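Enquirer: 0 is the number of the first residue of the sequence shown in numbering that gives the first Met the number 0; add one for each residue after it.
In short, the hints are calculated from the structure, not lab data. As the structure is a computational prediction, the values presented were derived from the model and not from experiment. It cannot be assumed that every hint is accurate.
Said to hold, decoys possible - Derived DEER-like restraints, expressed as beta-carbon distance ranges: (1) Ala17 with Glu38: 31 to 37 Å; (2) Glu38 with Val16: 17 to 23 Å; (3) Ala32 with Leu8: 19 to 25 Å.
Every residue, glycine too, gets a C-beta built ideally from N, C-alpha and C.
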Amino acid sequence: MKDDVASGLYPPSPEVVARAHVDAAQYEEMYAASVSDPEGF
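Take the sequences, apply the hints, and build the full model.
Expert: Laid out in structure tokens, this is it:
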């Protein structure tokens, strides 16, 4: 956790995670798709 705070990264609260529309794996997949095919995304 110290490294995250030092770098300015903070984990989301459980409430935010519960209300999110996508989880971390879905986000990574969507991000990869947006980078590889921005027009199609």
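Enquirer: Looking at the structure, which of the earlier hints fail to hold?
Expert: 2
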